[in-house]
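**Q** Protein sequences appear in the order of chains H and Y. By our numbering, the letter at position 391 of the first sequence is numbered 1508, and the numbering carries on one by one without gaps. By our numbering, the letter at position 503 of the second sequence is numbered 510, and the numbering carries on one by one without gaps.
Calculated from the structure, these hints are not laboratory results. Keep in mind it's a predicted model, so treat the numbers as computed, not measured. Note that beta-carbon positions come from the ideal geometry of N, C-alpha and C, so glycine has one too.
Covered by chain H, according to a simulated footprint, are these stretches of chain Y (three or more residues, beta-carbon under 8 Å):
(1) 587-595
(2) 761-771
(3) 810-816
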Amino acid sequence: MKRKIINYFAATLLVLLLFSPGCTKDFQEINKNPNSPTVAQAAPSMLLTNAIESMTDRVHEIFLGHEMGSCWVQHMAKVQYPDEDRYVPRMSVINNTWTSFYAANGFDVQTIYNLGKTSNNTAYQAVALILKSYITSVLTDEFGDVPYTQAWLGSDATPILSPVYDTQESIYATLLTNLDEANTLLTTGTSEISGDILFDNDLMKWRKFANSLRLRLLMRRSDRVNPTTDITAIVNDPDKYPIFESNADNAALAYLGSAPNNNPINENRKTRDDHRVSKTIIDIMWTNNPNMDYRIIVYALPPSGGGNWVGLPNGMTSTDAANYLGNGLTKTSKIGSYFSDATAPGMLMSYAEVQFILAEAVQRGFITGSAKTAEDYYNEGVTGSYKQYGDAIVAGGNGKWGGATWKIDNYIADYFANYAAFDPAKALEQIYTEKWLAMFDQGLQAKFEWNRTNTPILVPAIAGQNGDKIPVRAYYPSDESGRNPTNLAAAVARQGADDLNTRVWWDTKDNF
Amino acid sequence: MKKLFLLIVLLVFVSGYTLFAQTVVITGKVASSVEGEGIIPGVTVVVKGTTIGAITDASGKYSLTAPVNATTLIFSYIGMKTQEVEIAGRKVIDYVMQPDLVGLNEVVVTALGIAKEKKALGYSVQDVKGDEITKAKETNVINSLQGRISGAQITASSGAVGASSRIVIRGVSSLSGNNQPLFVVDGIPIDNANFGSTTTDGTNRGNGAADINPDDIETLTVLKGANASALYGSRASAGVIVVTTKKGKKGEKLTISLSNTTTFETPLKLPDYQNGYGQGNGGAFKYVNGAGGGINDGVDESWGPKLDVGLMIPQFSSPVDANGVPQPSPWISHPNNVKDFFEVGTTVSTNVSLTGGNEKSNFRLSYTDLTQNGMVPNTDFKKKTLAFSATSNPIEKLTFSASGNYVNAGSDNQPGYGYAAANVMQQFSWTGRQVDYKLLKAKQLNEDGSIYNWNHNYHNNPYMTLTEDLNKLRRDRFIGNAMVKYQFTDNLSAYIRTGGDIYSNFISTQKFVGDMDYPTGYYGETVNLYREINSDFLVTYDKNFGTDFNFSFNLGGNRMDRLTQENRGTAPELAVPGVYNVANSAVTPTVFNEYKSKRINSLYGFGQLGYKNELFLEYSVRNDWSSTLPKGHNSYLYPAISLSGVITDMFNIQSPILSFAKVRASWAQVGGDTDPYSLEPTVSFGGGWNASTKLLNLYVPDLLPNAELKPQTNTSIEFGADMRFFLDRVRLDVTYYNQKSIDQIVNIPISASSGYTAKTVNAGEIDNKGVELLLAITPVKLSDFRWDVTFNFAKNQNKVVALAEGVEQFLLGSYWSLQVLAMPGGAYGVLWGYDYDRDPQGNIIYTDGLPSQGPLKALGNATPDWLGGMLNEFTYKGFNASFLIDTKQGGDMYSMTTTWGRYAGALKETLIGREGGIVGVGVMSDGNGGYVPNTVVATAEAFNKASYTSDIASSSIFDASYVKLREIKFGYTFRNSPKFPVKDLNVSFVGRNLAILSTKVPHIDPESAFTSGNVQGLEFGQLPSARSLGFSIGCKF
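Based on the sequences and whatever the hints tell you, model everything.
**A** Below is the structure:
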């Protein structure tokens, strides 16, 4: 009995000893992540869906697009917690902007490109190049010099964890080349894509987006590099360089009716009520001018306290804002429900913008031998902007103006007749101002354009904290000073003080 | 329950009286061996195995009637060694008692549950007996150790029921990993995870070790450093807390123990609020709809009109006219509105246990019921614990033993945290000071179904938060093990054991439709399953060679398998109000599930070489193989060695002054692994694009894995001395340690432009060195009175030596603009935030009378300088009393209560300058680039709002040093009488967390912490800690 037990015991120990501790052959199996696909298993289509949504969310993010964009360009103002409206951006927002565009959607796009390369899918390569160009252009327009040539190489065979910063000048040149390459890849290639929630897998629309984006970038650097050759080439060969031809081509994400796929403004307004439409834009569209701009019915709501549209001055202290006109909350206009709706489109680039770019190009002589005049493009830009909101203007205006029979064309005709007729004597000012009006809700792009054009004239925030100046760029993220200090320092040394007032390369004129 | 009790009492009586028909009278006299002490009155003499006994009288004599078959008497007396004496037919048994020289031959439980004489140890361990912590019972056992263990920093996070506590021994050594010790129950490691999240919108749902039931603890041994804990592997590099549960004893007759502790909890410290001014801004207020429709009625600040001066102002509580418009009513203060919001919390813990045994086996069965009702209305916590242990020797040399604990913990509601409507404390800082919260309790909905509240812009009716927004918890847990041991020869034995910690933890969070943060409602639930199985064996060989040498060698192995699972479902918006089910989602519900598994195989050898029982060499070596590390790096070996010598024996010192002296030295290394799946990149699933045809989405995670990780290493040395003086009346234990943690596996932040925000690497070094001191003195020791004082002191110097190359800051966590960082050159836990804008001399610069934001900088550090405790214990006959004072000195904290409460004009100090304004102390521009003293008067409102925001964090950084009266006990133990079946009857008055004797932090308990994770030094408007007072009663049958 006793011996038996001992034997069993010893045998068990022996088994444990021999087979248990040192045995590591199961380890790789145990340490295989069952929860997520490997990169090799990843479908580029699923990455594309996420990249488009994530990128559009970020562009329209409240603190970034709606505040550092729309508030600074005086489309919107803040009635509560007005820090950003007083030019005190949150460092966490700036860090998140950088992280999102580089590590989140930016790297998704890079991965789509890499997967497109390995699978020889030229369409994914092209779409990734276009999205990467869009993302990079926002980054460089916001910060100036940023990493590009060494960016997104963290998991490369020779990884780069601290990328150098490239000059904006060189980045612009590369982006324009990339967009051209994307257009070529989509023209010559036969691959297809899926998961595309922006253009529903329509590759022609991606080509139009690529070329329209090229126009935007060419015009944005036009005070540094004469764009005549490139713009002329695009305009004169629409087969080779198709661009947006109507609002149907707009690069706008059709948000869905419910979280998490709803428009960021819609999500914000569920719990917050901090924003009002700026006095600047309401004064221009309504208060100062008896000949109103009918888009106001879409852009703004009448104050909840009653009466017609009233804007809130930018950058008041919270106490002053709360007491503006007796009660800032109830006596000023909120953003129109068109934009706070769950399905409000996430606009990345519009047909109207393209027309205003072309109008400016003709006006400044950047198109040689143009069949169309600046006025033609200008008129088409205003018309395009009105038609972008056509149904909403007609629905909102019904019974208010012109009777029930007015169609959108009536509103447009009336607007041109009373207010917006092209005046060659102040053509550029008109083009810029109409572009500024048309780009409501595209806070970042409107802001970048204003940095370039300085039109319309804006008066800085009342209680601004930036030396009585409207910011023209954002600080570099504090994350970079901890993680990439040497390269950051080099960029700052090259570009100028890391503050809100250092102009980026393409911004050649001081605003004041 | 009652019936069972009666039955048991009856059984005891019956069995007791029938057995003792034949008896014999034994008499005797008891004296002390200590010179001059002579006879001892009050000694308990008991016939072993019975309840029969006697107490010596004033002349030291006793007389008892024992059954004829009685074999042994047990003599016991406080301060003397309890001794068994064979009767051997004698009728007169005189006895001389030996003093119990505290701890000299004390046996402590060390690593792997091995009991060792304390004097043979080469490193510092400290233990706490179960009965020290059961009377003044803490619901979270970690808190019981406060002030008792030198070098242990314990932070109870808040006064919320079931909240977590954090323990860190000898400082933080891991940058981002777990810095709390490993908890081991009866040889089986258990999980001490935090069950809740304490982000800005979470709930603190406690920590895993809180499931350990104080009533079942026999001893709790703290193995402080790597030197003591190396045998447990990498998880033990932050120390080990070895819990040994109570067991039955061989030959012990059936005993029932009953105990009950009932305590009452009230807030220890509430903020000092002002009662001079009510809600509003700029001195103006008028309520129309509470959302900005009136004059400042959407504002949740108290910069409104003066209170109690006869003003009539429409308020939320005012009567309304026919159109529903509130009419003016008296504008008066309610100074106790917050105080009265709190209720008296109750904690009732009842334990019944049954122990018994015969010559071949023993068992213990215990049941504990803990029911807690929080100070915050409608919050509770309940825990039921069933513990079982048994040992059997069916045949000689073979021992089977098993023990198990089943824990059922739960709550119908635990309060919310952080900057959210769910946190009622937040609402008291952002406040209308005139609000009478009682009205909100009486009425929560208007007649039309809308919510009745003082504010409809930011806050919920706090009572609705507590009755509708429930945070539920339900945990079922089993911790147990089974072991077979065989004693081959006197020198050789072996065991195999298997055991595990298995639990399922369910938590849910619900938000009513209309909640300020969740207007469309919310429901989410998470189930975590955890299973860790440890199977081990150990062969022990122990032999004396000659008379001088003792040698032991142990060979052991362990396999650990851990599987964790998380399943989560969320309804982000509710379709049907009031129904909390994931299926009731108005939008696409979100789901998440994750499985993780990990294995560590280990082999280890350890032992001891002893010489003359006065010089000891201990050694150990362990090799781990971890599944989480890459092939080629997944095997790692780490040794430890220690030497200790009893100086007084070695040099034959026999002195009345120095009665004992021992010195010790040790060196140890511990290797460590990492989390599963840290090697290869994967992509993750996003929320999906929920169009009519749903599109799945994938994203590349921001963390870059690393296929070339190697094990991390923690090396430490320790020197110590244990000395006793004046016949052990003074006992001193000193330890110095120096610990280095290198090659930490850490996710270092990298530039996001690389495509990732962090990469897993081996990097960083954290050093901890420090001194621990334990001084116990017995100033008075008379025959029936004794006073003991125990001091402990620990100073730890923590230094983050290096992070990864090129990384200057490692973010541990951030809330609002304040970040908690590790930075090279300083201690862990830098509080990093915006300072005031200052002139070169450091004066605050005022512009128009107001300060502005300056640079980001280190504003403080959460790591304390030193910790200490003082325990005084008195015994007089049956009375015993004790009080415990503990302190933490140094270490800073950021108090959001101050920031919010000053910004919002809620705190008392915001009364300053309300009428005349404030001139900030500092400078202003002289217009020529220089500075002159500030003379500009700002309104109190503008001044406080400019100074106390997230833009300027330095205004709310405080030195978090404190001295606390931690515990008071006063009890009486009745003498056991042979005629009375109830034994060891003890009644105690107990109090815990009684008073803050010294603090520099206004308004809050300086001990507060926002989380029990690595992000310390933040207070974020959490619930006040509880002062607990009550009584405890216990007895045996």
